[in-house]
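Residue strings, one per chain:
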Amino acid sequence: MNCSNSEHLSAPGRVLLDRRQFLSNSATALGSIALTNLLGQDGLLAQSNAPAIDPAHPYAPRAPHFPGRAKNVIVIFCAGAVSQLETWDYKPELIKWDDKPLPGGPAVTFQGPAGNLARPQYEFRQRGKTGKWVSDMIPHLAELTDDIAFIHSLTSKSNTHGPAENFLSTGFNLDGFPSLGSWATYALGSENQNLPAYVAIPDPRGVPQNGANNWGPGFLPAAFQGTTMSSLNPIRHLSAGLAQDSDAAAKSLLQRMNARHLQKNPENGKLAARIASYELAARMQLSVPEISDLSTEPAHVLKAYGADDSTNKDKAAFAKNCILARRLVEKGVRFVQLFNGAYASGGKLNWDGHNALKEQYDIHANVLDQPAAALIRDLKERGLLQDTLVVWCTEFGRMPFFQKGAKGRDHNSDGFTCWLTGAGVKGGVSHGETDSFGAKAVKDVHPLYDFNATILHLLGLNHEKLTFEHNGVQRRLTSVEGNVIHEVLA
Amino acid sequence: MKARTRPLFLLACLGAGLARAEPVDFVRDIRPILEKRCYTCHGAEKQKGGLRLDVKAAALKGGDDHAPNIVPGDPKGSPLVRFVKGEQEDLVMPPKGERLPAAETALLSRWIEEGAKWPEGVDLAALEDKKEHWSLQPVTNPAPPTPKNTHWARRGLDSFILDRLEREGLSPSPEADRQAWLRRVSFDLTGLPPSPEEAEAFVKDQAPDAHERVVDGLLKSPRYGERWGQHWLDVVRYADTHGFEVNTERPNAWPYRDYVIRALNNDTPYDQFVRDQIAGDATGQETATGFLVTASVLLPGQIGKDDASKRLARQDAIDEIVVNASQTFLGLSVGCARCHDHKFDAISARDYYAMQSFFAGVEYQDRELQTPEALAAKKEAQTVSGKIADIDKQLSRFVPLASAGGKRSAVNAKVNTDRFTPVKAKRVRFSIQKTNNLEPCIDELEVFNTDGANVAAAFSGASVSASGQTIVADRHDLNYINDGRYGNSRSWMGNENGKGSVVVEFPTVQTIDRVVWGRDREGKFQDRLATGYQIETCESGEDWQLVADSSDRSTKTVKDAREEAFSREGLSPEERKQAGALVSQRLPLVARLAALNNAQKAFAGVFRKPDDIHLLYRGNPEQPKESVSPAVLSVLGDLKLPADIGEQERRVALARWVSDANNPLTARVMVNRVWQGHFGAGIVATPSDFGRMGLRPSHPELLDWLAREFVRSGWSIKSLHKQIVLSATYRQSSAHNGAAAAKDAESRLLWRFPPRRLEAESLRDSILAVSGALNLKMYGSGFNLFNQRGGLSGFNPVEKFTGDGLRRMIYAHKVRREPEAVFGAFDCPDAGLSTSRRSESTTPIQALNLLNSRFVLDQSEMFAARVKQEAGDDAARQIQRAYLLAFGRSPGPGEVSDALEVVSSHGAGALCRAILNSNEFVFLP
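Chains P and S supply the protein sequences, listed in that same order.
Residues 0 to 489 in numbering that gives the first Met the number 0 are what the first sequence lists, from first letter to last.
Residues 0 to 924 in numbering that gives the first Met the number 0 are what the second sequence lists, from first letter to last.
Certain hints may be false.
[Said to hold, decoys possible] Here are the simulated DSS-like pairs of lysine-lysine, each with C-alpha atoms no more than 25 Å apart in a straight line:
#  : chain 1 : residue 1 : chain 2 : residue 2
1  : S       : Lys35     : S       : Lys45
2  : S       : Lys95     : P       : Lys464
3  : P       : Lys250    : S       : Lys867
4  : P       : Lys406    : S       : Lys433
5  : S       : Lys304    : P       : Lys99
6  : P       : Lys439    : S       : Lys406
7  : S       : Lys304    : P       : Lys403
8  : S       : Lys60     : S       : Lys130
9  : P       : Lys464    : S       : Lys35
10 : P       : Lys156    : S       : Lys799
11 : S       : Lys304    : P       : Lys347
12 : P       : Lys464    : S       : Lys47
13 : S       : Lys498    : P       : Lys403
14 : S       : Lys55     : S       : Lys84
15 : S       : Lys304    : S       : Lys608
16 : P       : Lys156    : S       : Lys304
17 : S       : Lys498    : P       : Lys357
18 : P       : Lys263    : S       : Lys742
19 : S       : Lys392    : S       : Lys425
20 : S       : Lys523    : P       : Lys347
21 : S       : Lys45     : P       : Lys464
22 : P       : Lys425    : S       : Lys95
23 : S       : Lys95     : P       : Lys442
24 : S       : Lys799    : P       : Lys250
25 : S       : Lys406    : S       : Lys498
26 : S       : Lys47     : S       : Lys742
27 : S       : Lys47     : P       : Lys156
28 : P       : Lys439    : S       : Lys309
29 : S       : Lys95     : P       : Lys347
30 : S       : Lys799    : P       : Lys406
31 : S       : Lys624    : P       : Lys156
32 : S       : Lys309    : P       : Lys403
33 : S       : Lys84     : P       : Lys442
34 : S       : Lys304    : P       : Lys464
35 : P       : Lys406    : S       : Lys576
36 : P       : Lys263    : S       : Lys203
37 : S       : Lys342    : S       : Lys639
38 : P       : Lys156    : S       : Lys309
39 : S       : Lys433    : P       : Lys347
Please keep in mind that the hints were generated in silico from the structure rather than gathered at the bench.
Pulled out of the complex, with its shape left as it was, chain P reads as follows (with noise of 0.2 Å):
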């Protein structure tokens, strides 16, 4: 929109600059050109291209910084730290070696004493017209390879799951750092008015660790924050629960009395705003039980998700997320986490394998796998996939070898897989290498910063540009660092 007058400010100034346009109305524009000359003239304002915020219209689209392939995104955040080596990442070189020493390997890795190597625990076969080698145990998303950009040579900084899963969320290790989301629709808000312009939707089994902080905004302004939602638990405060005429009675007489004030106080962009947002509040109360009531779906449908599975409860819970998530987006809100996985809990409740690998991995993909390809497919035969980008990604991955006296692999933040496909996404790709035992990223190896730039890049968003100063620091998603990965773009 109109960065015009904001173009030569400086990274402060480009806060103090949003932050009036948070405060300011329409009617105040031109006091904005003149209050950026007063003080222009002191140096107290530089550079900037922050995106101009309607106070009154957080949530209103706003243009990337070039023409963007995604519209929308939709991320599946499979918690714990999915292993490479029992999906994505063939190493038929780990059934040669099963359960012989690796030579040089570390003694003693995340969790304590390193065991043997380990084959893969799922057979693996080719897919696709790629040939692509995966794993039996995602029989279902195996069947998508030809969509896929699968990058094989992620690092992370940490593999420690905490840090870690901040730092693919918000691109840092630490707590406190907006996370992709937020950023993505401060930069570009929404294309419907009447929902959250981005939801969280955690996974039936509970939250991911570092809860939260995953949709945090963290300094960026609140109205950036991921809304929680699911199939299970619908938003908060959503209705009184009040009768209906003492309910609209209270809300007209609220309306009266802010209209009142607003006379009173004429000019004050603030307090138009807030009458705007119970505006908004009240179109999201009708909309909002509407996305969330999956009785509309035919039978079909469900099905196809593994939402009518009766035998599975977790299953059919994702599976209705999957639904949701599909809606989320057909309805043009701009950004969904999709979670698979919850906290810390030895393995059993999210990817965390490090004792019983290959039990728990039976019980977590069959909630993953039929759920996950279905909305891919379905997204597909909608013709929504040409507008959005749908990510899979995981904090790290695991370990060629077996922790000492357990049936499971430790941490391994050296090289791991997550892929991306819809939107600008080039199928049938896999980029990057790990090692012959896919201990370690060795060949096109990519920090996470150069992944979540690309998802930025299929935005239309230059992810050294999208800024917001903090406390003495231009801070971006990507730190100081990020390369685009053009290999995986159509």
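Put chain S on the given structure of chain P with help from the hints.
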């Protein structure tokens, strides 16, 4: 551009032979190449790798890693040449896009060979001397200016504001009416609205010192520290959990929060306030050093077992202290120099690590307090523990003996006692053959000797071993089974479904008669309970003897598995009576003991022998360079301490230096924070960044004048408040003025009082104040916002608040990163990072929360009930009272008729709900 490229063109066409005849000229031949190929990343805008090539001094000095990049006379030895020629595969310049043609690299080589002659005075850019930055200069002593309008100013600061307005052709707004000023100043200083009686009294009070008396009263109110303490806690990112994935409760963090509130209420001089927080263990304010350890931190169990992970975690933990101290007190982003010299400010990586050295002995832990109160509590705790042990011993008489032929009560998850005939033992084995599900879990295994002492406790010297265990960070660990702490998060968990065993070994043979064990004595968990078990003892060798097992336990399902272990089943009426009496004596003692144990500790850091701090290459702990001893930022002073100086002396020295009146930043940064608290924006609008990337002050002279006054007043924060809120600047109306807004829309120059919304805490507190439900209990452990006080899994918000839940929000147990369910959406910081200035956003989620949450609905009803009680049954009088309570004014006739309609058909609750949602209620006038 054309003219500049010509020599290259000639060179290419005519060959090197001809060009060699003439020496390379920097301006003509070299600068154009650098400009075209290098400046994008190594020029005025960016200096990747710390290299800048558009200024002679910087270019010849070189970057972070390969300096010098240009070695005069030695092109082969110059990294610059190597990189642009692509001789080093992993480092090619430019990294992207077109490579340099051979002609250009040849020219660069020749220029270097000829001595890299770079004439003086030709550079088009200049290095700004970072040391000359305004905030690093001594505080000046400006005389207040003399504006044209001589009638307006009331306080010294007003003349600075007015002078600037006059110079911009602006004039101040008229004074706000008395009711508006009172409401503003009450919210501002105490976070609460004035009562209708206070409002009425003040509006009537025409004495010249009426305003001053109001301000004195507000500053004297304990509510003041509760309000301004929150501003401080925002900056230091205070929370009651450890953060990161496990987000464990930090149960003894609150003494620091209480220190802050008390210090502000006492008007502790700010220099003292600073010293307390850095070195309170030396100033008699032990809990104040909670400041050092407010950050998120990984607990030992969350850190990898490999050494590199441990080193990184330690570095991260010390880094947080440096970041906190430097941005809070000095307004400098010193943390940026962790990986390289600060890009914008005069702070080197060496400065950063020298700063780390001051804190190198600080550990994130609870500290046993040495205050007289804490020592007394400790002593009393010993007595109380003794009494409890004594009662337990007496109670044990009523526990039926195991394996004595009778039937014993079923096992339960909370606690079980197995009593047997006294036996001599060196070891006790507890083996489990069956659980109600999953791997077994025991929170504490206690073995009592016939004197009633728990000889299995780690502190008694007992050791433990087990058949196996599942370690979960800060939750399950074998060592937790005898650590004296109860609950699931301090328990042992086996590694096999339905079985496992634990052996306790005492230092000497003991005569024992009781084993007490439980799954979770906090009563939250009932799973993983040992339902089939054996207890064996062994005096020497492997001669094990069975003393108790589950075979004589009842198998009937316990209705509530959490029920207290002590069962009165099978006792005679007389025995029941005696046992009952003992149980009721025991209960208050247990509660007292918990309180006493908490009174001895504060999460205020443990101080130990400092680590040896090294300069780390690119901040990487695996690449240490030379060791660095404590020293203050070199641009600000030359205080340097010997490497072997004691831990406390380091912090004391730093505290003195920061709080020295001559430090150019300390007073400026604080007066600016206070100013921001009053006006919404500081004189410097980036309150934690007074560096070169921060904004310049809107009123530099005023900032210095205030800083001087502040120091002169004995660093009195309350005097500063008083200056500000009694000023003409502060008394202005907040009304819009089109002409002024056209020049300064945000009112940065203060042509009016800038309007703003109440913060989350003020909003919640004020709703409670108006409804009459506010609980003014101060200090101590915080009340719950969620169903749990820390931990991994989803936090379910408390919906209905009563009792302590109606205290001011600063007394909430703050779970890091978990926004409070109703007010969190009002830009309430989550304590992940420091919040030096809150944003003020407006969202539909805020509207839904305030309209529909149980909290607001409950308080609307409370408010309505209060109004009815105070005004009687007449609807019009109720409306009048509601307006007075919430807005401090009477309603107009139109407002009354609007409200009457609603009150008569839906009751006063509907009116109160509308009022609590209204703009008038949530905005500062």
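Comparing the hints with the structure gives:
1. In summary, the hint linking Lys35 of chain S to Lys45 of chain S is supported, as the alpha carbons are separated by about 14 Å, within the 25 Å threshold.
2. For the given pair, Lys95 of chain S sits about 18 Å from Lys464 of chain P by alpha-carbon distance, which is consistent with the 25 Å threshold.
3. Only pairs whose Cα atoms come within 25 Å are accepted, and Lys250 of chain P paired with Lys867 of chain S is accepted, the gap being roughly 21 Å.
4. Taking the CA atoms of Lys406 of chain P and Lys433 of chain S, the gap is about 23 Å. The hint holds against a cut of 25 Å.
5. Distance check on the hinted pair: Lys304 of chain S and Lys99 of chain P sit about 23 Å apart at the alpha-carbon level, within 25 Å; holds.
6. Using a Cα cut-off of 25 Å, the hinted pair Lys439 of chain P and Lys406 of chain S is violated, with the two alpha carbons roughly 61 Å apart.
7. Between Lys304 of chain S and Lys403 of chain P, the direct Cα distance comes to roughly 14 Å. Compliance with the 25 Å bound is thereby established for this hinted pair.
8. Distance hint between Lys60 of chain S and Lys130 of chain S is fulfilled; the C-alpha atoms sit about 18 Å from each other, no more than 25 Å.
9. Proposed proximity of Lys464 of chain P and Lys35 of chain S is supported: the alpha carbons are some 22 Å apart, at most 25 Å.
10. Annotation: proposed proximity of Lys156 of chain P to Lys799 of chain S is violated, straight-line Cα distance about 42 Å (limit 25 Å).
11. Simply put, Lys304 of chain S and Lys347 of chain P have alpha-carbon atoms about 22 Å apart, close enough for the 25 Å limit, and the pair holds.
12. Among the hinted pairs, Lys464 of chain P with Lys47 of chain S is consistent with the structure: their alpha-carbon atoms are about 16 Å apart, no more than 25 Å.
13. A C-alpha spacing of about 21 Å is found between Lys498 of chain S and Lys403 of chain P, which places the hinted pair at or below 25 Å, so the restraint holds.
14. This hinted pair checks out: Lys55 of chain S and Lys84 of chain S have alpha carbons roughly 22 Å apart, not beyond 25 Å.
15. Restraint check for Lys304 of chain S and Lys608 of chain S: satisfied, since their Cα atoms lie roughly 23 Å apart, inside the 25 Å limit.
16. For the hint linking Lys156 of chain P to Lys304 of chain S, the alpha-carbon distance of about 16 Å falls within 25 Å, and the restraint holds.
17. Simply put, Lys498 of chain S and Lys357 of chain P have alpha-carbon atoms about 22 Å apart, close enough for the 25 Å limit, and the pair holds.
18. About 22 Å separates the Cα atoms of Lys263 of chain P and Lys742 of chain S, which keeps this hinted pair within 25 Å; it holds.
19. The suggested pairing of Lys392 of chain S with Lys425 of chain S holds, with an alpha-carbon distance near 21 Å, which does not exceed 25 Å.
20. For a cut-off of 25 Å, the pair hint linking Lys523 of chain S to Lys347 of chain P stands: about 20 Å separates their Cα positions.
21. Between Lys45 of chain S and Lys464 of chain P the alpha-carbon distance is near 13 Å, which keeps this suggested pair within the 25 Å criterion.
22. Between Lys425 of chain P and Lys95 of chain S, the direct Cα distance comes to roughly 22 Å. Compliance with the 25 Å bound is thereby established for this hinted pair.
23. For the suggested pair Lys95 of chain S and Lys442 of chain P, the alpha carbons sit about 18 Å apart, so the restraint of at most 25 Å is met.
24. For the suggested pair Lys799 of chain S and Lys250 of chain P, the alpha carbons sit about 23 Å apart, so the restraint of at most 25 Å is met.
25. At most 25 Å may separate the alpha-carbon atoms for a hinted pair to count; Lys406 of chain S and Lys498 of chain S meet this at roughly 24 Å.
26. Note on Lys47 of chain S and Lys742 of chain S: the hinted pairing is violated, with a Cα-Cα distance of about 39 Å set against a maximum of 25 Å.
27. A distance of roughly 21 Å separates the Cα atoms of Lys47 of chain S and Lys156 of chain P; the hinted pair therefore holds under the 25 Å criterion.
28. As the CA atoms of Lys439 of chain P and Lys309 of chain S are separated by approximately 21 Å, the hinted pair is consistent with the 25 Å bound.
29. Our distance criterion of 25 Å between C-alpha atoms is broken by Lys95 of chain S and Lys347 of chain P, whose separation comes to about 46 Å.
30. Simply put, Lys799 of chain S and Lys406 of chain P have alpha-carbon atoms about 46 Å apart, too far for the 25 Å limit, and the pair is violated.
31. As the CA atoms of Lys624 of chain S and Lys156 of chain P are separated by approximately 22 Å, the hinted pair is consistent with the 25 Å bound.
32. For the hint linking Lys309 of chain S to Lys403 of chain P, the alpha-carbon distance of about 21 Å falls within 25 Å, and the restraint holds.
33. Between Lys84 of chain S and Lys442 of chain P the CA atoms are separated by roughly 24 Å; this keeps the pair inside 25 Å, and the hint holds.
34. Restraint check for Lys304 of chain S and Lys464 of chain P: not satisfied, since their Cα atoms lie roughly 39 Å apart, outside the 25 Å limit.
35. At most 25 Å may separate the alpha-carbon atoms for a hinted pair to count; Lys406 of chain P and Lys576 of chain S exceed this at roughly 55 Å.
36. The suggested pairing of Lys263 of chain P with Lys203 of chain S holds, with an alpha-carbon distance near 24 Å, which does not exceed 25 Å.
37. Restraint check for Lys342 of chain S and Lys639 of chain S: satisfied, since their Cα atoms lie roughly 24 Å apart, inside the 25 Å limit.
38. Between Lys156 of chain P and Lys309 of chain S the CA atoms are separated by roughly 14 Å; this keeps the pair inside 25 Å, and the hint holds.
39. In summary, the hint linking Lys433 of chain S to Lys347 of chain P is supported, as the alpha carbons are separated by about 21 Å, within the 25 Å threshold.
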